[in-house]
Amino acid sequence: MMGEEKMENRSSFVRRFIKIRGMGAALTAFAGLIIIYIAFGIINPMVFSVNNVMNLLRSMSKYLLIGIGQSYVLITGNIDLSIGSVVGMSAMISATLMTKGVPILPAIFITMICCMAVGIINGILVGKFKLPPFIATLGTMFSARGVAYMVNGNRNTDAIASGIGKQSADSLQNFFYYGKSLGIYNTFWIAIVIFAVFFFLLSKTRTGRHIYAIGSNLEAAKLSGVNVEATTTKTYLVSSFCSFVVGLILCAQAGMGNMEAGMSYEMYGVAAGVIGGVSPLGGTGILLGTLAGSAVWQTLENGLNMIGAQVGIQRVVIGVIVVFAVLLDVVLRRGKSFKKKNAEKASS
Amino acid sequence: MDEKIVSMRGICKNFPGVKALDNVEFELRAGEVMALLGENGAGKSTLMKILSGVYTRDSGEMEILGSKYGDLTPKQAQELGVAIIHQEINMCRHLSVAENIFLGREKTKNSILSNAEMEAEARNILNELKIDISPSQVVGELTISKQQMVEIAKALSINAKILVMDEPTSSLTSKEIDDLFRIIRTLKENGRGIVYISHRLEELQHIVDRVTVMRDGQYITTMNYADTTINEIITHMVGREIKEKFPRVSCKKGKEVFTVRNLNAGRMVRDINFSLYEGEVVGFAGLMGAGRTETTRAIFGIDPKESGEILLDGKELKINRPMDAIKAGIVLAPEDRKKDGLCTKLSIRHNLALPNLDLICDSLGVVNRRKEDGLCQKAITSLAVKTADVDTDAGNLSGGNQQKVVVGKWLARNSRVVIFDEPTRGIDVAAKVEIYNIINQLKLQGIAVMFVSSEMPEVMGISDRIIVMCDGRITGEVMTEETTQNEILTLATRFESKMADITQ
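Protein chains in written order, with my numbering: chain A, 1 to 348; chain B, 1001 to 1504.
These are computed hints drawn from the structure, not numbers from a lab. Among the hints, erroneous ones may be present.
[Stated by the list, open to error] Here are the computed distance ranges between Cβ atoms for each label pair:
| hint | chain 1 | residue 1 | chain 2 | residue 2 | range |
| --- | --- | --- | --- | --- | --- |
| 1 | A | L131 | B | K1345 | 17 to 23 Å |
| 2 | A | I34 | B | R1261 | 56 to 62 Å |
| 3 | B | D1324 | A | L328 | 32 to 38 Å |
| 4 | B | T1235 | A | F129 | 48 to 54 Å |
| 5 | A | V323 | B | E1061 | 57 to 63 Å |
| 6 | B | K1130 | A | F129 | 45 to 51 Å |
| 7 | A | K130 | B | D1393 | 19 to 25 Å |
| 8 | B | S1007 | A | M267 | 53 to 59 Å |
| 9 | B | D1071 | A | I110 | 54 to 60 Å |
| 10 | B | A1116 | A | V197 | 18 to 24 Å |
[As the list claims (entries may be wrong)] Straight line, CA to CA, 27 Å or less: simulated DSSO-like cross-link-like pairs of lysine-lysine:
| hint | chain 1 | residue 1 | chain 2 | residue 2 |
| --- | --- | --- | --- | --- |
| 11 | A | K130 | B | K1345 |
| 12 | B | K1107 | A | K19 |
| 13 | A | K222 | B | K1339 |
| 14 | B | K1378 | B | K1345 |
| 15 | B | K1339 | A | K204 |
| 16 | B | K1107 | B | K1075 |
| 17 | B | K1378 | A | K204 |
| 18 | B | K1109 | A | K222 |
| 19 | A | K128 | B | K1075 |
| 20 | B | K1161 | A | K222 |
| 21 | B | K1345 | B | K1327 |
C-beta atoms are modelled at their ideal positions from N, C-alpha and C, and glycine is treated no differently.
Taking the hints into account, I'd like the entire structure generated from these sequences.
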């Protein structure tokens, strides 16, 4: 054992990197990503074009953000079904305010408050009142979508330029969607900055540690003095914040508010997380996996499109991939616990 | 070094229907190991859970390290320096050893986790205890005994002054126990107080200074270990007279019906051999965790068997699934009736019909309502289940009546062997007597009954013959008429000596 430890200390950065918990699944997802990408590229070389890569990075950003929020919640062993509706709320509230002439920054601020309110409600329902998260967030999912409808009187909004003027509208749309910095779309930069912040929060802070502990063993966490209510609420706040940003991106993309914006995004978030190794049972997974998962998801969508597959086939393939990713995880885990049992038997 | 660090007086605690603690007192001094002893259900764990803030007391006083406390939360108790190492491991399997040790009080620098520092400190604690575990290892990958060591390390890292260990040695090997005792002696020298709960009385001599004995939720006595003997302790533990009346019927013991030979299934079922005869109730006595439930599960085909034969009327049976056992005429009324015995959200009718669907369905698989009604009526009247009608949810019945439904499920089949696992747990006295009557009825019908119970008076009151188990093995077999409670408890605590190689 001691010899082993010494070797560990001497081992290279790469080896330590690989040893990080959850890294295995994340790297597997990255490997899958590369295989899928190359396969599509062989069928249609346009997949490799700079333009397509740029587009890929931009459209995966939405899934990445959604995936981050959903992963936070999944790691505690819960789920957030209200994500898509909060995206819709965000798009509709911000667009409605701007068409009414409210300047960009106050509009964004008010939108953020409204979206975070949903997160707090989710957190209270699940953390404090111990409602099953599936039911609690199903409720907020319907209600938030309802709010998205009501904001502008059951209609999509007009162009935001009609309220804040063409110049302001352009700057908003460029900032969130159409503009580039260093040759890459801003959308991707926004997603990467948010990713970095939440990656840090989850892996390097006390709150992050508590999120894993709750998902791993709620009772043990509680007995160790972890504030379960507050931590659960924080995960739902992260989730609603990410949804809020995605809503702004969709608003900027369309230049208006669409009541249906973000429909079923919560499930895309689950898919991105699960493909990357985030267990819906809680306790495991890292955001690097979610990054890989959202890239896999987007590459599939993009690649199937580029090779001219029909929408129906696209959906089937994506569905199969999600199930396969989880199946792989389950099989691997069963193998591991089986081994462990045998080891225990041998030692006793 | 004999200042009192814990003093509890007049502690009472009621659970619905049970008086778990009745005016209990307890005292612990700095630098001593106090063994807290008693049979299952004596209230040891409950008392310690009150000390550590997991439960709140109904009445009574607590004084810890010189100050009085009313109700504690687990967090407060932890801050006071009370650490409890639970019998069931309670850790985050996905987190590493160091992460578990520091869970809830992580070290940070500018709000960033100082993983290296925590790992180093965890390594120090583990080294101090001479525990061979790497702090970066994931807890879920450790064996149970190693996980327990981590729990102890965790308790030490919070600088616990009062350390409660609930059955710490039950899953340890002799070397590990040796380590544990060495650690306990070190802790003692540092002036910490240790409460040691264990059924392994032979271990006590190595570490214990005083013993407190509890029985049926009451405080019995506290003695210096040096001034007493194991026999005296056992007498205090069982020291009750059998007051309750058990309905007894006698009938002629018939031929051998059921035989288990060399049954092995995991650590808790080791080389089990016994026979059941027609018209005889065989009690299975032992302490909690003696392997009796595991034995019933292996026989019934729930858990896989490693080896062994099961014979019915001299013919060998292959039982790989519960259905195999049921078809052969061996049935089980499991220990946890709400979890394993009943579908509490289904009606009585559906519960009774469930294992008998093969009898009451026609060839197309449609339930024959008339047969079903007949079956239900027969079960309800013969067992006197008190219910308005058979379409009530089984979960709404009282414990005793639920148990009757569990038994009733099997009456429609012509069973040869009925296994009861703790059939009277948590039900009132009147209902218990009815269950005893049912058992006697089965006995009169010539059915072989295997009766597992942790309540000694009950085992002695109902069984004709008693088999005692301990730690997955059968440690004795006695005729009820010729034995005493002391003898049974002595057999039930006859652990394989893991202590042989400890040289002091």
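Checklist line | Violated constraints from the hint list, given by number and in increasing order | finding: 9, 15 and 17
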